[in-house]
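Chemist: One letter stands for each residue in the lines below.
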Amino acid sequence: EAQVTQNPRYLITVTGKKLTVTCSQNMNHEYMSWYRQDPGLGLRQIYYSMNVEVTDKGDVPEGYKVSRKEKRNFPLILESPSPNQTSLYFCASTNRVGGLYNEQFFGPGTRLTVL
Amino acid sequence: AQTVTQSQPEMSVQEAETVTLSCTYDTSESDYYLFWYKQPPSRQMILVIRQEAYKQQNATENRFSVNFQKAAKSFSLKISDSQLGDAAMYFCAYTEGAQKLVFGQGTRLTINP
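Residue numbers (my numbering), protein chains in the order written: chain G, -14 to 100; chain R, 1349 to 1461.
Isolated chain R (complex conformation) (with noise of 0.2 Å):
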């Protein structure tokens, strides 16, 4: 079974810089898609990024970039220039279809003003 796992329970970062949040799956199979998710304190979940295995080129979403390594089976998610409102909870998440994500145990994310 496909697993995912995110070390980090919590990280902090000074407003302004940059923060990697890390996130490591287990899959044999070759075509898969993974996503960054934040969950704010209102508990929306709400899409931050994709990258779909096949293509080799790190995904980036304005001051959000992935650093995708296929062969170690790595998916790290890096947030440039932190912003207060960007603290939340993260989850990565890996799917090979429509029918079900699966979940890292989430990474939570502290601001520091």
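Looking at chain G on its own, in the form it has when it is part of the complex (with noise of 0.2 Å):
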């Protein structure tokens, strides 16, 4: 089955404490990106790659990384993760194909408490 996989699905954590949201695709589509949703704001870009080691900067990348290492995975990475980070964050995938755009798949969200 296509997916888009990302763990945890649920984190509490504290001001500080490093930590990490893995994001995985079986499609093999070269594209992937990170938004957050924040009620009355939509869904805003964090970060995105186009291919392995392509890395680029959305609407609201501070505070966070982005590696892609290998195309299948997009990791997210929250260094000294702060209050205002509480969100719920979505990965989505998605491949051009003889120019034309195909759909975003997103995965089922993380969300994320920062006390």
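By construction, these hints were calculated from the structure, which means they are not laboratory data. None of these values were measured; they are calculated from a predicted model. Using N, Cα and C, we set each Cβ at its ideal position, and we do this for glycine too. Be aware that a few hints might be false.
Here are some, though not all, of the chain G residues that point toward chain R, as calculated from beta-carbon distances under 10 Å [what the hints assert, rightly or not]:
{"hint": "1", "residue": "Asn13"}
{"hint": "2", "residue": "His14"}
{"hint": "3", "residue": "Glu15"}
{"hint": "4", "residue": "Tyr16"}
{"hint": "5", "residue": "Gln22"}
{"hint": "6", "residue": "Gly25"}
{"hint": "7", "residue": "Gly27"}
{"hint": "8", "residue": "Asp41"}
{"hint": "9", "residue": "Ala77"}
{"hint": "10", "residue": "Asn87"}
{"hint": "11", "residue": "Gln89"}
{"hint": "12", "residue": "Phe90"}
{"hint": "13", "residue": "Phe91"}
{"hint": "14", "residue": "Pro93"}
{"hint": "15", "residue": "Arg96"}
Pair by pair, the computed Cβ-Cβ distance ranges are [claimed, not checked]:
{"hint": "16", "chain 1": "G", "residue 1": "Ser67", "chain 2": "R", "residue 2": "Pro1388", "range": "25 to 31 Å"}
{"hint": "17", "chain 1": "G", "residue 1": "Lys56", "chain 2": "R", "residue 2": "Thr1368", "range": "37 to 43 Å"}
{"hint": "18", "chain 1": "R", "residue 1": "Ser1428", "chain 2": "G", "residue 2": "Gly25", "range": "34 to 40 Å"}
{"hint": "19", "chain 1": "G", "residue 1": "Asn80", "chain 2": "R", "residue 2": "Pro1461", "range": "39 to 45 Å"}
{"hint": "20", "chain 1": "G", "residue 1": "Pro46", "chain 2": "R", "residue 2": "Glu1400", "range": "48 to 54 Å"}
{"hint": "21", "chain 1": "R", "residue 1": "Glu1358", "chain 2": "G", "residue 2": "Leu73", "range": "16 to 22 Å"}
{"hint": "22", "chain 1": "R", "residue 1": "Lys1403", "chain 2": "G", "residue 2": "Val(-1)", "range": "46 to 52 Å"}
{"hint": "23", "chain 1": "R", "residue 1": "Pro1388", "chain 2": "G", "residue 2": "Asn69", "range": "38 to 44 Å"}
Each chain sits in its own coordinate frame; assemble them with the hints.
Modeler: Right, dumping it as structure tokens:
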């Protein structure tokens, strides 16, 4: 089954304790992204990657890091989480075929609470 | 920068009736894609319908249809014969390619039985 998986689904942590949210896709997609969802703001892009070892900032990258060492994986790293990073996080992946855009496939979301 | 605006934070409709959710966007590009996503309480993001800007014909998916007005930069979603399972948060989104989706603020839709 084609899917994007994220782990963990729920996480409660404390300020300053480094954490990683994993994201993996099994569709051989080139493009992967991280979004955060906050009430009244919709989803906003944090980082994206166009291929292995190619990453770039989205609209809200402060306080986050990413890496893309393998095509299928795109972890999100919070090296020193703060309460303003409490949010719902989504990983997404997609491809372009023949110049046409394909839909984004979203993971199930990770609810993060930073105390 | 591209922006997407959903001016209705909440909407409600009686079961079996029709409801329209509004979305406007701002872009200087001529080639792009627009989407409506549904997010039920499970939080999963589900693609409802998509529209390519170069297509003049409005997209339709069963009970869901859009009114795409390119000159006005408007992209509304019409849900016909509303069902209880349609209750969710709905997001309008814009993209020029695979790198990024720009989302609106969302509209929470309630279906009254």
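Chemist: Give a verdict on every hint.
Modeler: Checked hints:
{"no.": "1", "hint": "Asn13", "in the structure": "violated, 14 Å"}
{"no.": "2", "hint": "His14", "in the structure": "holds, 9 Å"}
{"no.": "3", "hint": "Glu15", "in the structure": "holds, 8 Å"}
{"no.": "4", "hint": "Tyr16", "in the structure": "holds, 4 Å"}
{"no.": "5", "hint": "Gln22", "in the structure": "holds, 8 Å"}
{"no.": "6", "hint": "Gly25", "in the structure": "holds, 6 Å"}
{"no.": "7", "hint": "Gly27", "in the structure": "holds, 4 Å"}
{"no.": "8", "hint": "Asp41", "in the structure": "holds, 8 Å"}
{"no.": "9", "hint": "Ala77", "in the structure": "holds, 8 Å"}
{"no.": "10", "hint": "Asn87", "in the structure": "holds, 7 Å"}
{"no.": "11", "hint": "Gln89", "in the structure": "holds, 6 Å"}
{"no.": "12", "hint": "Phe90", "in the structure": "holds, 9 Å"}
{"no.": "13", "hint": "Phe91", "in the structure": "holds, 4 Å"}
{"no.": "14", "hint": "Pro93", "in the structure": "holds, 6 Å"}
{"no.": "15", "hint": "Arg96", "in the structure": "holds, 8 Å"}
{"no.": "16", "hint": "G:Ser67 / R:Pro1388: 25 to 31 Å", "in the structure": "holds, 30 Å"}
{"no.": "17", "hint": "G:Lys56 / R:Thr1368: 37 to 43 Å", "in the structure": "holds, 41 Å"}
{"no.": "18", "hint": "R:Ser1428 / G:Gly25: 34 to 40 Å", "in the structure": "violated, 28 Å"}
{"no.": "19", "hint": "G:Asn80 / R:Pro1461: 39 to 45 Å", "in the structure": "holds, 41 Å"}
{"no.": "20", "hint": "G:Pro46 / R:Glu1400: 48 to 54 Å", "in the structure": "violated, 29 Å"}
{"no.": "21", "hint": "R:Glu1358 / G:Leu73: 16 to 22 Å", "in the structure": "holds, 19 Å"}
{"no.": "22", "hint": "R:Lys1403 / G:Val(-1): 46 to 52 Å", "in the structure": "holds, 50 Å"}
{"no.": "23", "hint": "R:Pro1388 / G:Asn69: 38 to 44 Å", "in the structure": "violated, 27 Å"}
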